[in-house]
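Here the structure of chain A is known, so what remains is to put chain W in place on it, guided by the hints.
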Amino acid sequence: MFFTLYMIFALFNMQDIFSIIDFFEPYTGSKYSFLGAELLFETLGIILVELGLALAITAFRYTRKEKKDAIKIIEEKFPTLNERLRTAYDNRAVDNIIVKDLLNKVTLDIKPVTSSALLDRRLLIIGIGALFLTASGSTYIAITGYHTDMTPKNLPEAIENIPFISDKDSGLLTLEESEAGKNGEEASGSSLEKITVITIEGTEVELKIPPGAGQGITIKEEGDERENTFGQSAAYDPEAIASQAYYENLPEGYRNIIQNYFEELAKE
Amino acid sequence: MYENNSEAGHISITYENAGRIFGSFFEEIGRVVVGQKNAVENIVISILCGSHVLVESNPGLGKTLMISTISKALNLKFSRIQCTPDLMPADITGTTIIEEREGGTKEFRFEAGPVFANIVLADEINRASPKTQSALLEAMQEKQVTVGNETYSLDKPFFILATQNPIEMEGTYPLPEAQLDRFLLKILLDYPSFEEEKEIINRYTKSEFPKITRGIDKPTLLELQALTRQVPISEELKERALNIVSLTRKDKENIEYGASPRASIGLILAAKARALIEGRNFVSQEDIDTMAYPVLRHRIILTFEAERSGLTPDEAITQLLKKTGRKENREEKASENEQEEPAKKKFKFPGIGK
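If you read the sequences in order, they're chains A and W.
The numbering of the first sequence is our numbering, which starts it at 1 and goes up by one.
The numbering of the second sequence is our numbering, which starts it at 1 and goes up by one.
One should not assume that every hint holds.
[Claimed, not checked] Below are the DSBU-like pairs computed for lysine-lysine, each with C-alpha atoms no more than 30 Å apart in a straight line:
(1) K238/W with K156/W
(2) K323/W with K68/A
(3) K238/W with K143/W
(4) K323/W with K77/A
(5) K37/W with K238/W
(6) K100/A with K72/A
(7) K65/A with K323/W
(8) K238/W with K68/A
(9) K322/W with K72/A
(10) K77/A with K322/W
(11) K100/A with K238/W
[Unchecked claim] Covered stretches of chain W (chain A as the covering partner; in silico rule of three or more C-beta atoms under 8 Å from a C-beta of chain A):
(12) 10-20
(13) 222-233
(14) 279-289
Derived by calculation from the structure, the hints in this document are not laboratory data.
Cβ atoms here follow ideal geometry from the backbone N, Cα and C, with glycine treated the same way.
Excised from the complex, chain A in its bound form (with noise of 0.2 Å):
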């Protein structure tokens, strides 16, 4: 269990939780030496939860085990001792001469059977494999280092990506088709496209807000001034603007291009 979760926290750089968690933030990047060793508090943290989960699911699986009854396994293993080794277990306070007897012939009978017979081999064999393979992979990816570009930070991320758990697609605006209807206007499309916010009877309006112009849906009447409280940012000049591809030293013919492009829009 150790080796399995040591593997899954290393390739999803779990130990990256600790700068997340406030109070484990300022320790991070620390070292500590442990058995002659360095090691990061991130590590030395994710090795102890890593243990800790081990231990308690191994417990938990433990308790939740449904016991074996090993006096069965041994009268399924050896026919010869079928009912009698149960009888003589049951009976072994009482003192007369036939559970004597049938004790002192349980007892010889007994004596091939080995502690080995009450393994299930077969359970046996895939506990080793399963071993095997997780302190393999446990082993390579801390000799390599290998791990997956995901973080905990990505873990939001990660989660909305799951189908069936994000809402993007939900369609979270939509008016109702029998308003439109009623007015005789056709019913508009989706929300996304044209929306329209003032119906007059008997007048075809057009009157369509693009998705995102923030301001919702207000009829303006005379006399009703909007309060500006926005200063009016000055003027810039065109040529002045950095670009994310900004190049100090133009080919040559490009810059008459630039220039002759904004004194047209200027003119416009």
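Relative to the frame of chain A, chain W by itself:
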């Protein structure tokens, strides 16, 4: 003539020889009684448990011969009571009589009845009146008899084999459930097979009838009775026996009235006795499952619907055993078929649905 281990007086010697004792005993019985091995075994089981048996069979199947042979083989006092409607309790228990002695004095003297034997055959017990049947009850349960103000103990071992004729039910007094419960086993006798009947003819049409020459004496029998209770049983099988009996009370679909805790005790004791007879020093599941039939068939009362559908008590018991996860083996299946067929064809449940 009789197997006697009392010179050593040691129960351990009896135990060591138990297998041989029973083997020769059944062999000896087989010289006189043809077939009926299950019936003989069940009677011996009941004797070992210190209880009693009810036998239901058609006339002429050798019930009297079987029980008298067993009593001879056990060197026990045998008496036979032919139950009739006019039979009085005093005819069974005995009565006080006035006896004149020399000198002209008269005094009361108790004259013991036929119940004062070790093995008593009560033939056609359902023909006796309830008053007479109840006189037998005290003897069966308490192993004693009360006459007037005096109580007389019966000699040990004491065993009653009662019989019933399933054909002639008119004018009979069916045994009530309380009385039936006191019988450990109910045995159903079937007609012998063709080969068996041929053997019967061969043996009993000659001038000399076969006789037994050896058996078991009383002290050995008493030791065997003590050994029976010492046979160990596992907790798992005890619970199995309890489950079987408790299912008779829970299965309301087929069984109207189930068996009492007396059946649980009887089932375990009978299984122990069977294990001892088979030469085993432990009780196996086969013992419990085999003895479930004779122990329970007279203690359960089927529902009206179950009877109307033709279900027999043995079939109801088979269903219960399947519910408890029974492991079937060939011997049990054969004995089941042997028991089920007579239950189906020959015998009707007394008193209802004739």
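Would the pair K238/W and K156/W pass a check requiring their Cα atoms to be no farther apart than 30 Å?
Judged against 30 Å, a Cα distance of about 28 Å means the pair holds.
Examine the region 279-289 of chain W for residues whose CB is less than 8 Å from any CB of chain A, and state whether their number is three or more.
holds (count 5)
Given the hint that K323/W pairs with K77/A, test it: the Cα-Cα distance must not exceed 30 Å.
Distance ~26 Å between K323/W and K77/A Cα, so the pair holds.
Hint consistency between K37/W and K238/W [alpha-carbon to alpha-carbon, up to 30 Å]:
holds, 27 Å
For a C-alpha distance cap of 30 Å, please report whether K322/W and K72/A respect it.
holds, 21 Å
Restraint status (C-alpha distance of K238/W to K143/W at most 30 Å)
Given pair K238/W, K143/W holds - Cα atoms ~28 Å apart, limit 30 Å.
Is K77/A within 30 Å of K322/W, Cα to Cα?
The given pair, whose Cα atoms are some 25 Å apart, holds under the 30 Å limit.
Starting from K100/A, check that the Cα of K238/W is at most 30 Å away, please.
This hinted pair holds, its Cα atoms lying about 20 Å apart.
Pairwise hint evaluation, K323/W against K65/A, where the allowed Cα distance is 30 Å at most:
Distance of about 27 Å is within 30 Å: holds.
Proposed proximity, K72/A with K100/A (alpha carbon, max 30 Å)
holds, 22 Å
Coverage of the region 10-20 of chain W by chain A, judged on three or more residues with CB within 8 Å
Satisfied; 3 residues make the cut.
Taking a Cβ-to-Cβ distance below 8 Å as contact, does the region 222-233 of chain W have at least three residues touching chain A?
holds (count 5)
Comparing the model with each numbered hint stated earlier shows that all of them hold.
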